[in-house]
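Listed in order, the protein sequences are those of chains A and B.
Heads up: the first sequence begins at 1 in the numbering used here, then just goes up one per residue.
Heads up: the second sequence begins at 1 in the numbering used here, then just goes up one per residue.
I should point out that these hints are in silico values taken from the structure, not numbers from a laboratory.
Bear in mind the structure is a predicted one, so any value in this text is a computation, not a measurement.
Every residue, glycine too, gets a C-beta built ideally from N, C-alpha and C.
A hint or two may mislead.
DMTMM-like mimics (lysine to aspartate or glutamate), calculated; alpha carbons at most 20 Å apart, straight line [stated by the list, open to error]:
hint	chain 1	residue 1	chain 2	residue 2
1	A	K43	B	E204
2	A	K253	A	E291
3	A	K204	A	D39
4	A	K258	A	E291
5	A	K94	B	E20
6	A	K104	B	E204
7	A	K104	A	D89
8	A	K94	B	D44
9	A	K236	A	E268
10	B	K250	B	E179
11	A	K183	B	E56
12	A	K94	B	E179
13	A	K240	A	E291
14	B	K368	B	D304
15	A	K258	A	E3
16	A	K94	B	D194
17	A	K94	B	D285
18	A	K209	A	E298
19	A	K94	B	E196
If you want the footprint, here are the derived chain B segments under chain A, 3+ residues with CB under 8 Å [stated by the list, open to error]:
hint	region
20	12-21
21	47-54
22	208-219
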Amino acid sequence: MKETTFKSLKNLSTDHLLASGTAICAGCGGLEAVKIMYDILGKNTVFVNSAGCMTLLSVYPFTPFQGSWLYTAMACAPAGAQGIRDALDVLLNKGRIQPEEDLKVVVLSGDGSSYGMALSATSAAMDRNLDFFYLCYDNEGYGNTGHQSSPATPHAARTATNSGPFGYPGYKKDLFAIWTAHKPAYAATIIGSEPLDLARKVEKAMSLKGPKMFIALAPCPTGWHFDPRETVEIGKLAVKTGIWPLKEYLDGKVIHTKPPRRRIPVEEYLKKQGRFAHLFSPQRDTKQLEEIQARIDEYWAEAI
Amino acid sequence: MTRRLLTGNAAAAWGARLAEVDYVPAFPITPQTEIIETIAHWMDQGEMAGRFTTLESEHSMITAAGSAAATGTRVFTATSSQGLLYGMEMLYTVAGWRAPFVLMNVSRGLSSPITLEPDHNDILAARDSGFLQIHCATCQEVLDSVLLAFRLAEDDSVRLPVIVNQDGFYLSYTREPVEIPDIEEVRKFLPAFDPENTQFRAGEPRSQGVAVLGGAFYSYFRYEMHLACLNTLSVFDSIAQDFADHFGRKYGILETYQMDDAEFCFVMAGSFATKAKNAVDLLRDAGWKIGLVRPRLIRPFPADALCRALTGIHGVAVIDQNLSMGKGGILYTELASALYSSNSNSPLLVSYIGGLGGRDITREEFFKMARETRHAVETGKVPLPRLLYTEDELRQMRKLQTIAHAPWG
Ligand SMILES: Cc1ncc(C[n+]2csc(CCOP(=O)(O)OP(=O)(O)O)c2C)c(N)n1
Ligand code: SF4
Ligand SMILES: [Mg+2]
Numbered sequence: 001m002k003e004t005t006f007k008s009l010k011n012l013s014t015d016h017l018l019a020s021g022t023a024i025c026a027g028c029g030g031l032e033a034v035k036i037m038y039d040i041l042g043k044n045t046v047f048v049n050s051a052g053c054m055t056l057l058s059v060y061p062f063t064p065f066q067g068s069w070l071y072t073a074m075a076c077a078p079a080g081a082q083g084i085r086d087a088l089d090v091l092l093n094k095g096r097i098q099p100e101e102d103l104k105v106v107v108l109s110g111d112g113s114s115y116g117m118a119l120s121a122t123s124a125a126m127d128r129n130l131d132f133f134y135l136c137y138d139n140e141g142y143g144n145t146g147h148q149s150s151p152a153t154p155h156a157a158r159t160a161t162n163s164g165p166f167g168y169p170g171y172k173k174d175l176f177a178i179w180t181a182h183k184p185a186y187a188a189t190i191i192g193s194e195p196l197d198l199a200r201k202v203e204k205a206m207s208l209k210g211p212k213m214f215i216a217l218a219p220c221p222t223g224w225h226f227d228p229r230e231t232v233e234i235g236k237l238a239v240k241t242g243i244w245p246l247k248e249y250l251d252g253k254v255i256h257t258k259p260p261r262r263r264i265p266v267e268e269y270l271k272k273q274g275r276f277a278h279l280f281s282p283q284r285d286t287k288q289l290e291e292i293q294a295r296i297d298e299y300w301a302e303a304i
Numbered sequence: 001m002t003r004r005l006l007t008g009n010a011a012a013a014w015g016a017r018l019a020e021v022d023y024v025p026a027f028p029i030t031p032q033t034e035i036i037e038t039i040a041h042w043m044d045q046g047e048m049a050g051r052f053t054t055l056e057s058e059h060s061m062i063t064a065a066g067s068a069a070a071t072g073t074r075v076f077t078a079t080s081s082q083g084l085l086y087g088m089e090m091l092y093t094v095a096g097w098r099a100p101f102v103l104m105n106v107s108r109g110l111s112s113p114i115t116l117e118p119d120h121n122d123i124l125a126a127r128d129s130g131f132l133q134i135h136c137a138t139c140q141e142v143l144d145s146v147l148l149a150f151r152l153a154e155d156d157s158v159r160l161p162v163i164v165n166q167d168g169f170y171l172s173y174t175r176e177p178v179e180i181p182d183i184e185e186v187r188k189f190l191p192a193f194d195p196e197n198t199q200f201r202a203g204e205p206r207s208q209g210v211a212v213l214g215g216a217f218y219s220y221f222r223y224e225m226h227l228a229c230l231n232t233l234s235v236f237d238s239i240a241q242d243f244a245d246h247f248g249r250k251y252g253i254l255e256t257y258q259m260d261d262a263e264f265c266f267v268m269a270g271s272f273a274t275k276a277k278n279a280v281d282l283l284r285d286a287g288w289k290i291g292l293v294r295p296r297l298i299r300p301f302p303a304d305a306l307c308r309a310l311t312g313i314h315g316v317a318v319i320d321q322n323l324s325m326g327k328g329g330i331l332y333t334e335l336a337s338a339l340y341s342s343n344s345n346s347p348l349l350v351s352y353i354g355g356l357g358g359r360d361i362t363r364e365e366f367f368k369m370a371r372e373t374r375h376a377v378e379t380g381k382v383p384l385p386r387l388l389y390t391e392d393e394l395r396q397m398r399k400l401q402t403i404a405h406a407p408w409g
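Sequences are here, hints too, so could you generate the full structure?
If you want it as structure tokens, here you go:
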């Protein structure tokens with residue numbers, strides 16, 4: 001594989017392809033990931049979107065994209081991508097379009113869709129070795145409907161449907177493991193606050209054919225309850241505490257691309273977010289905090 | 001042109017083949033499977049140039065059909081019953097994309113109880129989706145309707161997807177002689193799909209299926225779909241005439257049979273109408289002035305054509321092979337609304353439900369419906385909607401119930 005063109009932050013464009021002025025919240029970590037990825041994929045793309053926050057990017061008659069867009073529904077963006085890819089292939093094979101008219105097909109879906117309702121459609125797209133990109137922006141809840149718990153919600157987080165003293169009783173599902181069990185061409189976890197890591201991964205994936213699967217942790221000021229200016233800081237803490245391991249899957253192997261050298265306690269990440277405030281006041285919930293920390297320690301003990 | 005014995009399913013596959021479709025997204029369901037197996041086989045053999053993709057559900061299948069059509073390819077797909085309902089969210093969605101394609105529905109009763117044989121509750125559940133609906137009564141009509149459907153769907157004034165309906169088992173698995181038109185002739189009737197601005201290409205960025213905020217903007221697009229659907233009524237005759245010029249078979253929006261001097265008639269859709277035809281012949285032998293009206297188009301609803309066809313008729317037995325729970329027959333309801341707002345001297349309507357889950361409608365029942373309708377006209381008393389069921393059927397049912405309720409052990 002060739003050397004990366006993204007050696008330092010200087011190699012990332014500051015002029016974004018994606019226009020601003022959309023209905024998305026200030027400080028949206030999901031949009032941050034979309035922006036960086038779009039700069040690299042370029043405008044010869046068609047984004048196939050499922051129901052969620054990003055649906056409001058394109059509201060008639062405006063779009064921030066310089067390329068194409070298709071909104072489908074909550075369960076079936078990968079199937080929409082399949083139809084477009086198949087159609088473009090047929091048109092290419094029959095000589096009805098030229099290779100330079102071809103497009104990269106990119107699914108853009110939230111966690112509620114990706115971890116749940118669209119999982120079957122995603123699994124099947126990988127079964128069929130669909131040549132596409134998939135970006136799941138994971139804000140850990142059904143954001144667009146008011147941030148109810150989703151299968152990606154982390155343990156103990158308070159959401160609109162788990163507003164009680166203990167927060168969400170379940171555990172965040174390991175979608176990366178589910179995805180990689182399908183042996184896609186490429187899979188990676190990313191985050192907008194680590195743009196170099198993100199850029200290199202997208203760049204690498206672009207040279208591959210088949211399913212190229214990305215999960216971006218998407219700090220969400222609105223649903224996680226923090227000040228929009230903290231998005232990058234919280235994203236960096238997610239990586240430094242080890243709660244969001246940055247990794248990639250290629251040729252059957254998983255590699256951690258940015259393992260924290262000395263992991264800082266997960267508390268530092270949790271206490272910045274209103275959704276975890278009940279773990280710290282009125283009194284400290286030491287048991288919960290220890291359990292959350294233990295799970296992270298366990299992950300890294302196995303990973304390294 | 002060749003003439004062959006074909007099942008309704010094979011006729012549907014031939015329709016897709018002759019339309020030279022680019023793409024067939026599929027998912028199996030009885031009684032539709034023969035269609036997709038046949039097409040998959042032809043594509044494997046290189047007899048059809050295009051792509052066949054098996055999706056993991058009908059929800060995805062209809063999405064892929066819509067998105068491939070929105071990319072500018074000619075698309076055919078097929079399903080039935082549970083599959084159509086599983087994909088219902090996407091039927092509405094892709095119709096709004098205004099990307100024309102053709103979906104063959106092979107009618108089958110809906111669960112529960114789960115069953116295999118046909119009625120029209122599946123297809124009629126899709127009646128408000130924006131898809132046009134063509135209902136067939138013969139295997140020849142199945143093939144021909146696929147070709148007509150592409151012309152209608154792709155017409156500039158319409159640009160909507162079409163569902164062509166055939167009844168499971170009665171057509172899908174029944175062999176009838178079918179004329180298979182020559183491909184050169186089909187190409188003259190149905191030229192290659194011109195997607196115009198419905199496509200995705202690098203260098204021509206386009207957003208499709210975007211959100212709108214605000215009821216007025218939303219309403220505009222919904223009204224447009226409705227009006228486009230209605231446009232079918234104006235273009236149908238000229239497209240059907242063109243079809244007749246090429247292939248010698250003329251299809252009307254309605255099929256009318258023995259209606260010239262009729263005083264009474266049956267109104268019904270689908271293949272069971274062929275049973276009604278037979279009853280009409282026998283009743284005419286016995287001196288009745290009776291006929292049959294079978295709407296081919298159900299969406300758009302051919303209200304004017306029906307009012308015209310029923311002008312001067314005294315009584316109509318409307319036979320619905322569907323049941324809207326808590327209301328009754330759908331065709332009856334729609335026909336009544338069309339006649340109520342027409343100025344014509346409306347006939348009296350008597351409503352019947354029959355043929356659910358493939359239940360037969362016998363000759364004797366047609367005779368009885370004719371007598372009841374005449375009696376209603378003579379007395380001015382319209383009976384309540386009838387659910388066709390015989391005493392013998394009830395006896396058989398009671399037997400099953402006895403077994404079902406028998407003490408265990
Ligand atoms: C079939 C269906 N059910 C429910 C909804 C309502 N809905 C719209 S967006 C959304 C949340 C989606 O969550 P996610 O995929 O995480 O995206 P986010 O809103 O967080 O961006 C829901 C439940 C819908 N659009 N379609
Ligand atoms: S709710 Fe969260 S994910 Fe959705 S747009 Fe706002 S910040 Fe972004
Ligand atoms: Mg979400």
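Against the structure, the hints:
no., hint, in the structure
1, K43(A) to E204(B), "10 Å, holds"
2, K253(A) to E291(A), "29 Å, violated"
3, K204(A) to D39(A), "14 Å, holds"
4, K258(A) to E291(A), "24 Å, violated"
5, K94(A) to E20(B), "12 Å, holds"
6, K104(A) to E204(B), "14 Å, holds"
7, K104(A) to D89(A), "11 Å, holds"
8, K94(A) to D44(B), "16 Å, holds"
9, K236(A) to E268(A), "11 Å, holds"
10, K250(B) to E179(B), "14 Å, holds"
11, K183(A) to E56(B), "18 Å, holds"
12, K94(A) to E179(B), "29 Å, violated"
13, K240(A) to E291(A), "18 Å, holds"
14, K368(B) to D304(B), "29 Å, violated"
15, K258(A) to E3(A), "18 Å, holds"
16, K94(A) to D194(B), "15 Å, holds"
17, K94(A) to D285(B), "58 Å, violated"
18, K209(A) to E298(A), "34 Å, violated"
19, K94(A) to E196(B), "18 Å, holds"
20, 12-21, "violated (count 0)"
21, 47-54, "holds (count 4)"
22, 208-219, "holds (count 7)"
The earlier numbered hints that this structure contradicts are 2, 4, 12, 14, 17, 18, 20.
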